[in-house]
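Asks: Single-letter residue listing:
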Amino acid sequence: MKKMLSGNEAIARGALEAGVAFASAYPGTPSTEILEAIASEYPGIHAEWTPNEKVALEVAAGASYAGARSMAVMKHVGVNVAADPLMTLPYTLIRGGLVLVSADDPELFSSQNEQDNRHYARFAKIPMLEPSTSQEAKDMMIEAVRISEKYETPVMLRTTTRISHSLGVVELGKENGVRKPSLERHPAEWVMLPANARVRHPIIEERILSLKSLSDSSAFNSIEMGDPSLGIISSGVAYQYAKEAFPDASFLKLGMSYPLPEELIRDFASRVRELWVVEELDPFMEDQVKALGISCRGKDRLPMCGELNPDIIRDAIAGGRPEAVEERKLPPRPPSMCPGCPHRSLLWALKRNKCFIAGDIGCYTLGFLPPLDAIDTTLCMGAGINHAHGMAKAFGPGKEKITAVIGDSTFYHSGITGLLNLAYNNGTALVVILDNSTTAMTGSQNHPGTGVTIRGEQTISLDLENLVKSLGIGWVRTVDPYDVKKTRKDIKEALAHDGPSVIISKAPCVLLKSRKVSGRALTVDTDTCTGCKVCIGLGCPAIEFRDEKAYISDMCVGCGVCAELCAPGAIGGEK
Amino acid sequence: MNVMMTGVGGQGIILASDMLSEVMMRSGCDVKKSEIHGMAQRGGSVMSHVRFSERVASPLIPYGKCDILLSFEELEAARYVRYLKKDAVVIINRYRLAPPSVISGQEPYPDVVPIIREKTRNILMVEGSAVAEEMGNARGVNIILLGVLSTFLEPPESVWIDAINTMLKEKIRAVNIEGFKRGRQLNSPVMHNVQGGMS
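So the protein lines, in turn, are chains A and B.
The numbering of the first sequence is this note's numbering, which starts it at 1 and goes up by one.
The numbering of the second sequence is this note's numbering, which starts it at 1 and goes up by one.
These aren't lab readings, by the way, just hints derived from the structure by calculation.
There may be inaccurate statements among the hints.
[As the list claims (entries may be wrong)] Dumping the calculated DSBU-like pairs for lysine-lysine here, alpha-carbon to alpha-carbon at most 35 angstroms:
hint : chain 1 : residue 1 : chain 2 : residue 2
1    : A       : K299      : B       : K171
2    : A       : K2        : B       : K171
3    : A       : K489      : A       : K393
4    : A       : K150      : B       : K169
5    : B       : K85       : A       : K3
6    : A       : K290      : A       : K329
7    : A       : K506      : A       : K393
8    : A       : K513      : B       : K171
9    : A       : K351      : A       : K393
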């Protein structure tokens, strides 16, 4: 049976066909839909959102130690969080197949960087598979589990946004039942104290040599001879782009791209006149091909930054000039916080108090855009609280209004330790936790504060205020961000407080059913409106400036913040 | 054949392009579709590429190779003209959603038709949003526009209806099928002539 599946859905399907029993993840674009598909389609696989990627990889490893086939799923920067267990896991004995899915984001469609996670495979000395279609995404998930069990190593399945989010035709295969777990003890292979780890290291080095032979014989690595005057080594979606640009060329298509198939590469290089390595981001394969003493071209012409496409590859290899494209100045349309978003009024209020706002990763990062212009730093998950603490300490007490904003999901991910540090080291910064009861930016996933699991089962709902207090913060207040006057008063009080303070801005995301706003659009009385633009300053997509007056479109959900700020009282009523 | 759909996050472009992909797969084609989720969901510009033929390599349409552009919003129709081939068919939903710089009064909403006309004269403005409003379901504009698009493609109506029946939950099927049929009637007789020029 054939089905249109995204790369992510295909990986989920592959997990089913491979007999995976355990899957864990923290949501992150472009990886999120893998675990969502498992949770909604395949009830036989245990699925869980974990607070962060380190936890995701460690629980999956635990399941593997018990003999269950398992997977941990994350976006590229999530692997940084999971890098600690990742570097030592290959030293340990892998029982049930263990697959790490890393979804990279060339072009930074929804990320803070475009790091090339293929380096992690080489760094951790684990095999890596790179699909170039949805069909391969499914097939390689199955192969990854097989390799993992046969070679007793974690395996990395690396996708990019264009693989994860593209749809293609997939031939479905047979489902595989899950294996029964069994309790075994392998202290010499699982207790990584120096004496044991020293013994395990040579095993990794020997394993990589056997994996090189596997790579040479893998069905996913193959030579497609065409015109021998141009030979292209490529992997992932770049292979498809190159094939589109040069359908008649010869290709060495690599699905298993670490370790590289050295014999196959030598053979291919000897059969073509001009050799190119076409890959997105870093010269990961190109450098290794050159280290074999084989001369080739690649990043001398192909860009290191951003994603590739067929036109870029054609122009680079054919040596032509990119077609001059007339740059049209059209009004940009960046993403923005939704009408009625509870983050908007909170950020506006902080800004009004002339605060420096260390930001974090989430929808509120969009508060960076004009007219709010409210976010001053964003580095990685959980960094904002630490930025604020470091800055406040550098200035000394009371000099500057240093604040941090962080979402609830991001706080559980990696904000807790930062807040503990701030309390422990007698910090003074104000931390605002924007609690919208969901992981909004990635499409509303549950987390430890929502009271339900990924499958909607009832579970604990973390008491945020008590958590913050037990971390040692004495001044904590929960505010309703739609009540702007009261919120501004509380912010002033928090800033005046001698010592660390936390404001929990609590209002559900407007995309959730539990949202507090009416959903009915407000209107502007144009006779009363003075055109002062205070409401425009909120940056709400529902408020336009037409004919020197404010105009509220039917995108409005009636949160009432603009009405509260409107001095002449021109905004009100419902349409 | 290369089809692009453009518009603004939240207009239902992903579902519409999923349906087109499903229909073409059922018609025996190899199909690839590519788009960007994530940040685009927050009111940003959205672009979806759907490619179908005997064998498709790249999930992205090369520049100058797009046969049909279906835009859910007027301005977004002009943003990606570099993908259009000469004489491509461009279907534009008559609907304007002001971007931030227009909202705040910094610049006017641009006139997009002259920009597109440099590449093609086959421009069809359709009242998709008006019909959706009239049907009392503003969110149903995607299925209406898909109906318009379907008249430029080979698969017969029945294949589309089958796909809608499989892909949508029962309680929203009837209204979507009605919307799809309304969309099919929005194509003007003049535009039918361009079909002969496409492969």
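Asks: Decide, hint by hint, whether the structure agrees.
Replies: Evaluation of the provided hints:
1. K299/A to K171/B: violated, 53 angstroms
2. K2/A to K171/B: holds, 26 angstroms
3. K489/A to K393/A: holds, 25 angstroms
4. K150/A to K169/B: violated, 43 angstroms
5. K85/B to K3/A: Given pair K85/B, K3/A holds - Cα atoms ~30 angstroms apart, limit 35 angstroms.
6. K290/A to K329/A: Distance of about 43 angstroms is beyond 35 angstroms: violated.
7. K506/A to K393/A: The hint holds at about 28 angstroms.
8. K513/A to K171/B: holds, 19 angstroms
9. K351/A to K393/A: holds, 21 angstroms
The structure fails to meet hints 1, 4 and 6 from the earlier list, while all remaining hints are met.
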